[in-house]
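There are 2 protein chains.
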Amino acid sequence: MTLHDLTTPALLVDVDAVEANLADMAAVLPGSRLRPHVKAHKATALARWQSGFGHAGFTCATIREVEGMAAAGLGQDLLLANEVLDARRLGALDARVTLAIDSRETLDAAVAGGVREVLVDVNVGLPRCGIAPDRAGWLADRARAAGLTVRGVMGYEGHLMMYGEAAERAELTEECMAKLLAAHADVGGELVSGGGTGTYAVNTWVDEIQAGSYALMDTAYSAAGVPFRQALTVLASVISVTAPAGEMPGYAVADVGLKSLGMDHGNPTIPGAQVWFCSDEHTTFAAEQPVAVGDRIRVLPAHVDPTVALHERMYLVRGEEILDTWPVDLRGW
Amino acid sequence: MTLHDLTTPALLVDVDAVEANLADMAAVLPGSRLRPHVKAHKATALARWQSGFGHAGFTCATIREVEGMAAAGLGQDLLLANEVLDARRLGALDARVTLAIDSRETLDAAVAGGVREVLVDVNVGLPRCGIAPDRAGWLADRARAAGLTVRGVMGYEGHLMMYGEAAERAELTEECMAKLLAAHADVGGELVSGGGTGTYAVNTWVDEIQAGSYALMDTAYSAAGVPFRQALTVLASVISVTAPAGEMPGYAVADVGLKSLGMDHGNPTIPGAQVWFCSDEHTTFAAEQPVAVGDRIRVLPAHVDPTVALHERMYLVRGEEILDTWPVDLRGW
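As given, the protein sequences belong to chains A and B, one line each in that order. The opening residue of the first sequence carries number 1 in the working numbering; numbering runs sequentially from there. The opening residue of the second sequence carries number 1 in the working numbering; numbering runs sequentially from there.
Derived from the structure by calculation, the hints contain no laboratory data. Please note: incorrect hints may appear among the correct ones.
Claimed, not checked - Incomplete in silico selection of chain B near chain A, CB under 8 angstroms:
{"id": "1", "residue": "ARG96"}
{"id": "2", "residue": "CYS129"}
{"id": "3", "residue": "THR242"}
{"id": "4", "residue": "VAL293"}
Stated by the list, open to error - Over the 10 angstroms line for every Cβ pair with chain A, so calculated as not near, a few chain B residues:
{"id": "5", "residue": "ASP14"}
{"id": "6", "residue": "ALA26"}
{"id": "7", "residue": "ASP141"}
{"id": "8", "residue": "ARG142"}
{"id": "9", "residue": "GLY158"}
{"id": "10", "residue": "ASP186"}
{"id": "11", "residue": "ALA273"}
{"id": "12", "residue": "GLU281"}
{"id": "13", "residue": "LEU300"}
{"id": "14", "residue": "ARG331"}
Stated by the list, open to error - Chain A stretches covered by chain B per the calculated footprint, using a threshold of three residues with CB under 8 angstroms from any CB of chain B:
{"id": "15", "region": "122 to 134"}
{"id": "16", "region": "280 to 291"}
Backbone N, C-alpha and C define an ideal beta-carbon position, used for all residues, glycine too.
Work out the full structure, taking the sequences as your base and the hints as a guide.
What follows is the structure in structure tokens.
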């Protein structure tokens, strides 16, 4: 089977680019130094590939991701790096599950749900989840009093992922991690978890980095200078071409749009073309070289994570050849 | 079952708001004057509800939508208002399927796929699909020579859906429809199809309006003054609250984000709150009234169509009560 046989739009994963990304990351952060985040690809098959590079623990953003990883036999050490108010589905799993908590309520949910291990989620500067650093010890004490094992702390410097140049990013990351380490001194436990694809190279303070995007990458991270290969594209068909008329330049339409591309980081990129706009199932673009109805093109999404969430499956490809089909089996909640 | 029992994020459909929207639209455009577009809700159960208001024909944007409608017994008169290059799945259906064509290639695909009826898609000003008006007759002749029934023309004035005030929108719509009617004079056939939720009230030139968003609505169409009720919200849980500290105002985090909200029209709206930003599974917001961890809130997406495509199911609700669960069964391609 080749690309020509696929119904478009179709999610393509370049096998050699992923292989190189996984190898490059494992060289910098071997084994337990990396806890790959599955939210970026939502495919247990890709997670299994990552585990083959020596990473046994994984990071998840939703209960469904944790469930799917456990069902796939990848439940050796799953961290739900997010707060939940009903943890019963987690407590019921035959897997090692560690849950982030940042409040009395999320601690109570962990206990009520039968979760046994937690990390205290510490706010290190991103205005999102996380307890104030000086309150982390209080929450850890309370968790231990409730019978939970507190494995340590996590803190996500998400506001720095695409911030400035590497040197400035490193300096600001250090400030964030100083907060996390101060909290860790109060909390105890063996684990300090944090970071992401944007800071994997400069965050030297945590025990493990929660990077996800590095595996598939996207145009936003590439623009920020992160040195992994763009492995994910959306295959599209050119379904309509309009010739120039008067002052109106010519343009073409591909059958990808708002329902096959994550749009929060803006329009997708079509190499050798200028993207005009996207509709539900269309992208209008002007190409430098002539295109014809029926041509197949590869579209680069601006943000991989929500793009993946729109597709049922991804095709593993090398050039024009399709090597495998993988379900995007960690979607939903 | 009530809202409190739901896992969040969850797509909620307000039964009374939809009922009112369907009734209001059917009063203006009864029976075949409306060909509801299913891309806006992707749920055959909602389409069946629309058919109960007297609309027997439906508009689709993807082959999967056509297949799903046919499988649900709603295949009396399905228009795929989009161009495709492989129509075999359409030709195989036990349903009346009419396909848009705008080129020799898409005509050839219709013939090769066993499709029997087509509409000539005419470019009326939106730079997307559609043949130039003065070429429409040529394509119709060619289609008839190939043995197809040409039912007429369609033209979508999509660039006007949220444009300006109603009077200006009406004037520009008239200019677009003049092009469509000129093409129709050359093409022949009984059907002139066009329009959408933004122009349903002012486009008096077509036989049928292809409106979809009116059923569920969104904040973008509401801001444009379209008088239907917002029926779709995403139920979220407040999972973290941070008190003000120094110059930093307080904020809260809900468990909805880029993977549960269509983001192409911008951030969602939370009544009584200011949305700061969305991440994959989070929305950070500042509320006017205090919120607590565990609170349930309703988030209004800026654009319904891609929001629906991110969810497996929708819950039909009246107040806090859940009346039914509907699969979003027209997703994918």
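A quick look at each hint next to the structure:
Annotation: interface hint on B:ARG96 violated; nearest CB of chain A at approximately 22 angstroms, more than 8 angstroms. The beta carbon of B:CYS129 is positioned within 8 angstroms of a beta carbon in chain A (closest approach about 4 angstroms), and the interface hint is therefore held. Using the Cβ-Cβ criterion of 8 angstroms, the hint placing B:THR242 at the interface with chain A is satisfied: the shortest such distance is roughly 7 angstroms. About 4 angstroms separates the beta-carbon of B:VAL293 from the nearest beta-carbon of chain A, less than 8 angstroms, and the hint is met.
Even its closest Cβ contact with chain A, about 21 angstroms, leaves B:ASP14 beyond 10 angstroms, as expected for a residue assigned away from the interface. No Cβ of chain A approaches the Cβ of B:ALA26 within 10 angstroms, the least distance being about 24 angstroms, so the stated non-interface status holds. The claim that B:ASP141 is not at the interface with chain A holds, since no C-beta of that chain comes within 10 angstroms of its own (minimum 19 angstroms). Every Cβ of chain A is farther than 10 angstroms from the Cβ of B:ARG142; the closest lies at roughly 15 angstroms, confirming the non-interface assignment.
B:GLY158, annotated as away from the interface, has a beta carbon of chain A within 10 angstroms; the closest lies near 7 angstroms. The beta carbon of B:ASP186 sits about 18 angstroms from the closest Cβ of chain A, which is more than 10 angstroms, so the claim that it is off the interface holds. The claim that B:ALA273 is not at the interface with chain A holds, since no C-beta of that chain comes within 10 angstroms of its own (minimum 14 angstroms). Its beta-carbon lying about 5 angstroms from the closest one in chain A, B:GLU281 breaks the requirement of being farther than 10 angstroms from that chain.
The Cβ of B:LEU300 lies farther than 10 angstroms from every Cβ of chain A, with a closest approach of about 17 angstroms, so its non-interface assignment holds. Listed as outside the interface, B:ARG331 is inconsistent with that label: its C-beta sits roughly 8 angstroms from the nearest C-beta of chain A, within the 10 angstroms cut-off. A stretch counts as covered by a chain when three or more of its residues have a beta carbon under 8 angstroms from one of that chain; for the region 122 to 134 of chain A and chain B the count is 6, and the coverage holds. Restraint check on the region 280 to 291 of chain A versus chain B: 4 residues with Cβ-Cβ distances below 8 angstroms, three needed, restraint holds.
Consistency note: the structure conflicts with the earlier hints numbered 1, 9, 12, 14.
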